[in-house]
Each structure stands twice: as structure tokens, then as C-alpha cells.
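No gaps in the numbering here: position 63 of the sequence shown is 63 in the numbering used here, and each next residue is one more.
Hint data in this document are derived by calculation from the structure and do not stem from the laboratory. Where is the CB? At the ideal position from N, CA and C, for every residue including glycine. Among the clues, some could well be false.
As the list claims (entries may be wrong) - With a cut-off of at most 30 Å between alpha-carbon atoms, the simulated BS3-like pairs for lysine-lysine come out as follows: (1) 16 x 103; (2) 33 x 16; (3) 88 x 16; (4) 88 x 33; (5) 103 x 4; (6) 103 x 88; (7) 4 x 16.
What the hints assert, rightly or not - Have a look at the derived ranges for each label pair, beta carbon to beta carbon: (8) 84 x 53: 23 to 31 Å; (9) 2 x 143: 49 to 57 Å; (10) 85 x 4: 16 to 24 Å; (11) 36 x 1: 44 to 52 Å.
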Amino acid sequence: MRAKAGVVEFLNQVLKSELTAVHQYLLHAALCKHWGYARLHEHFGHLAGEEVSHSSGLIDHVLYLEGTPDVEHLDQIAGGRTMEDLLKADLEFERDDVELLRKGITHCSEAGDFTTRHLLEHMMIDTEQHIDWFETQLRTIEQVGLAMYLAEHIQAGSS
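Please work from the sequences and hints to get the whole structure.
Next comes the structure, spelled out in C-alpha cells:
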């Protein structure tokens, strides 16, 4: 099926963001493991897996639309020296991703590509859940302090 005007370009922008997220969350998982925060390591690993799934779906959809998936480019990957730095960077990243998804959804609606719009809307749900999780972590740090927050994340378990 041939893509409507501009749809593949939006999908490639979203793909670039999702692939960047995979790398960023893998880095953050490794940092958490290195620092000894097993629960956060698990959670960032889970987030990376979700982003891999989104990336795979985007690649398939671009190919379905007879486009060429751009898997060669990434945005800047945010690291950090502290757990709080990582959480803030990831929150900002996810907020930027929501804006990109909104623009893509609007474009697809205007172009009459409701299948792609639905795909992006599904991704929007996950992204908004990620934002909520990061906001909750940062709010918890404000309420109980960084030391108490991190103490709760040393042992593996539900995050």
C-alpha cells in the first residue's frame, strides 16, 4: 500500500525517537545495575523492550507503506551522573516524544491515513504511561528524599 504524503517521513521521525529511546534506556539500565539498583535496572530493561517493540512495529509499517525505514540515525542519548539526572532526562525525552506523536497523529488524520494514526495513538498511550512513571519517581524523591528512594530500589522486585 502506498503511503499518503508525509506519512513515511513522520514515521521515520518517530522511529528515530524510538530507536534513541532503546539505546538511552539500555544505558540507564546498565548504569542502574552498575550503581546497585536492581529494581530500577529491571524497570529500565522493561522500558527498552517496549521501545524495541515500538521500533519493530514502525519498521514493519513503513515497509507496508512501501517506504524505507531509517534505522541509521539517532538523536542525542542522555546519560547522567545521578539517578535524578536520569529520571529528569527520561521525563523530558518522553514529553518530547508525546509532542512528536501528536503532530504525527494530526498529520495522519489530515492525510486520511487512519491505520497509521491508530498505530501512533497506541504508542501515545505507552508514552503517556512512561511520563506518569517518571513524574511519580521524581515526586517520590521530593517527598521521601533521594537516599530513601534509592534504598527501595536495591533489591529486585516489582517496580
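Hints and how they fare:
{"no.": "1", "hint": "16 x 103", "in the structure": "holds (15 Å)"}
{"no.": "2", "hint": "33 x 16", "in the structure": "holds (26 Å)"}
{"no.": "3", "hint": "88 x 16", "in the structure": "holds (20 Å)"}
{"no.": "4", "hint": "88 x 33", "in the structure": "holds (18 Å)"}
{"no.": "5", "hint": "103 x 4", "in the structure": "holds (15 Å)"}
{"no.": "6", "hint": "103 x 88", "in the structure": "holds (23 Å)"}
{"no.": "7", "hint": "4 x 16", "in the structure": "holds (20 Å)"}
{"no.": "8", "hint": "84 x 53: 23 to 31 Å", "in the structure": "holds (28 Å)"}
{"no.": "9", "hint": "2 x 143: 49 to 57 Å", "in the structure": "holds (52 Å)"}
{"no.": "10", "hint": "85 x 4: 16 to 24 Å", "in the structure": "violated (40 Å)"}
{"no.": "11", "hint": "36 x 1: 44 to 52 Å", "in the structure": "holds (49 Å)"}
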